[in-house]
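Asker: Based on the provided sequences and hints, a complete structural model is requested.
One letter stands for each residue in the lines below.
Number of protein chains: 2
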Amino acid sequence: MSDPLRLGIAGLGTVGAGVVKIVRQKAQLLQSRTGRPIEITAVSARTRGMDRGVPLDRYDWEDDPVALARRGDVDVFVELMGGADGPAKAATEAALETGKDVVTANKAMLAVHGKALAGAAEAAGRVLRFEAAVAGGIPVVKALTEGLAGNEITRVMGVMNGTCNYILTRMESAGLTYEEVFEEARALGFLEADPNLDVGGIDAGHKLSLLASIAYGTEVAFDAVELEGIGAITIEDIRQAADMGYRIKLLGVAQMTGRGLEQRMTPCLVPADSALGQLEGGTNMCVLEGDQVGQIVMRGAGAGEGPTASAVMSDIIDIARGTRISTFGRPAAELKPVTPATSATPAPYYLRMKLADKPGALAKIATVLGESGISIDRMRQYSHVASEAPVLIVTHKTSRPALDAALAAMPATGVLGDTPVALRIEQI
Amino acid sequence: MSDPLRLGIAGLGTVGAGVVKIVRQKAQLLQSRTGRPIEITAVSARTRGMDRGVPLDRYDWEDDPVALARRGDVDVFVELMGGADGPAKAATEAALETGKDVVTANKAMLAVHGKALAGAAEAAGRVLRFEAAVAGGIPVVKALTEGLAGNEITRVMGVMNGTCNYILTRMESAGLTYEEVFEEARALGFLEADPNLDVGGIDAGHKLSLLASIAYGTEVAFDAVELEGIGAITIEDIRQAADMGYRIKLLGVAQMTGRGLEQRMTPCLVPADSALGQLEGGTNMCVLEGDQVGQIVMRGAGAGEGPTASAVMSDIIDIARGTRISTFGRPAAELKPVTPATSATPAPYYLRMKLADKPGALAKIATVLGESGISIDRMRQYSHVASEAPVLIVTHKTSRPALDAALAAMPATGVLGDTPVALRIEQI
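Protein sequences appear in the order of chains G and D. With positions in the first sequence counted from 1, the corresponding number in my numbering is that position plus 8. With positions in the second sequence counted from 1, the corresponding number in my numbering is that position plus 8.
Be aware that one or more of the hints could be misleading.
Intra- or inter-copy, both count: the list cannot distinguish identical chains.
[Said to hold, decoys possible] Here are the simulated BS3-like cross-link-like pairs (lysine-lysine), alpha carbons at most 27 angstroms apart as the crow flies:
| no. | residue 1 | residue 2 |
| --- | --- | --- |
| 1 | K97 | K34 |
| 2 | K344 | K123 |
| 3 | K29 | K123 |
| 4 | K344 | K34 |
| 5 | K366 | K123 |
| 6 | K344 | K372 |
| 7 | K34 | K123 |
Simulated from the structure, these hints should not be mistaken for lab results.
Answerer: Structure (structure tokens):
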């Protein structure tokens, strides 16, 4: 019998407890699949003695995760504490320094310190893996790093924050406002302590930056992600987009362009009948496009105890089987600096605005668009509300700078009743 | 610089030529991702001198794939010839005997000889990998073997023959008969030389048997797959299923039951608004369900040069990176013999029949169903055609044996106008 693989688990929230349960309850299955026993040596969390739904008394307890990471009887340090810095980073560094492999679900830490930590792992001859950091149970890190490794990746897309997708689909199905569903989501415990991590797109942006690094061999560049949350989306936007055959998603898109790496995590319109358009509730979806494979779509639970623990176990099992892959699929030193290219790829846009009830109002707006080189694909004017008419415009493909120029020129027409909303229509 | 990984490629059809192109055109990318050069030493095919769209003159040529497999300057034997026996099997065995790793796209060979070849690979200390054998470019073998390895797999489903899905969706969209679309597919080159491999469900059944072995740790048992092709599906079935909210798919399902392993590759009804129900044309879809992860859906191209070569490259890249995983995810000697359990899982069924225009005809059929313990969920009788009325029945959940008993008892009622068609409704 091979030597056991000994885990030290720091962080015993939902996911940590889930991992402990799997290791306890599936010992035989794990041994059969890896050829060696997987055991837990020690655990660490902020509060000892809480009931976590699984007995922990047979494991050593460490109050300090760094001490846990440094133990000589741990082979794999499993970091499930979260937070970009602080104990998570200190313990991860300690684990690598003292010769442990590390498995983490910590997207924030990797989004900020990914290259440095990947480099530290390689310098120590250890691996640092993070399947659970992106899209929960969907094995998308593995699919991109390994399954599609023979491809030039042409585009990566994802709906990777279940809370945002829950809010957007619930607004539509229940006819509620953003604020109403936001409060519902908070009551249901769907929101992070800082809700802006969810609804501001930050959490999903972290995930996108990790996938982009794997896809394009670039340094993780979360700072270069164009971020826009869902807080400005109204129920009218959702209904009017539906009327045009679209649904609104907080969609991440990463693609390498001639001008640099474009990374966006923004509300976009996608065709209502596409797989992304049909994604309901808290489910996640990743779309990987490669020059050989075409388009691969993966759908699954993006959060929760079982799905996230499943992803953590996948990394642990890889290590138990002897699989050794660089954190971002190639040596950290080879990851190239990012030249950010914000919204470099042209796209059609959806514009919503209210126009004053004056003769020629629409013509003035059309003229402004035309002067920026933007042509109109479809336009709808709805019944007047008071003295203003809601107008929807779907443009032909245009660049974001051209659109911004047009938007900047619109107030001078004197016919705008509000600030126009512009949402990109991502072509799928 | 690490030693190059040297490939010997046998079979230079679409996929083989695609692999050669990737190795030639992406040398730098592959080296960056694997840390070593990937090179081709020698190739083999039935006919030399054909134009395959890629220059082959810098590689040694072997007329005999077994000789190629035995070469001392080959590290990985890439088997892309096909066929369950004959040269493919002989060359695979020769490669393993002489210490090569093997990458194959040959589902038929593995469905028949999977356990023996996996055992031969392990005896030789080599790996035998087959991502390209199942669902083309979708990295489903990797997802199941590695990504979900921390799960007890509860069900595996798949639409894994693009030709069948093309035929079924084209019948629906164009209103054509099975025979008409079959001829179209033949003219388009979508059909295997023996079309029964496609439309009889054999090719897809091979794939299902491989996934089942990984999922449940069982020997590959293609013989135990309940196979039913799509040849009996009529345009009326498709329309009437749609009328009830379903679409018909050639659906593979593998699940472990208390009575043994259930493996089916049969036409099934699935909800029209499910991901499987919405799958169009030649695309494939695999659905993996685990006790931790819930449901993972993967969609992509199931065939074609690029997608299949992408999958072959994924295995080659794994080997170049040093990843060593047993063929079916655990040692061949541990794979358990299969106790087949045909249609063990109860399900609702869709029944289509014509009933004589006699008073009480429908009551007689309902009585027969009731006597087998089958209750009716929904029933529709359509306008009479001549003296017979088309009748559709959707039953509540029932066992297949109970249904078979009812079907066997129906002729004695004297009211049947034809032989009833029974299709399982798979619950998703």
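Asker: When no copy is specified for K366 and K123, does a C-alpha distance of 27 angstroms or less occur within a copy, between copies, both, or neither?
Answerer: neither (57 angstroms within a copy, 78 angstroms between copies)
Asker: With identical chains treated as interchangeable, where does the CA-CA distance between K344 and K372 reach 27 angstroms or less: within a copy, between copies, both, or neither?
Answerer: neither (46 angstroms within a copy, 75 angstroms between copies)
Asker: Indicate which option fits the pair K34, K123 if close means a Cα-Cα distance not exceeding 27 angstroms: within, between, both or neither.
Answerer: between (34 angstroms within a copy, 24 angstroms between copies)
Asker: State whether the alpha carbon distance between K29 and K123 is at most 27 angstroms within one copy, between copies, both, or neither.
Answerer: neither (32 angstroms within a copy, 32 angstroms between copies)
Asker: Within a copy, between copies, both or neither: where do K97 and K34 come within 27 angstroms Cα-Cα?
Answerer: neither (30 angstroms within a copy, 36 angstroms between copies)
Asker: Taking 27 angstroms as the upper bound on the Cα-Cα distance, should K344 and K123 be classified as within, between, both, or neither?
Answerer: This pair counts as within: shortest intra-copy Cα distance 10 angstroms, inter-copy 44 angstroms.
Asker: Which holds for K344 with K34 at a C-alpha limit of 27 angstroms: within a copy, between copies, both or neither?
Answerer: between (41 angstroms within a copy, 18 angstroms between copies)
Hint check: violations occur at hints 1, 3, 5 and 6; the rest are consistent with the structure.
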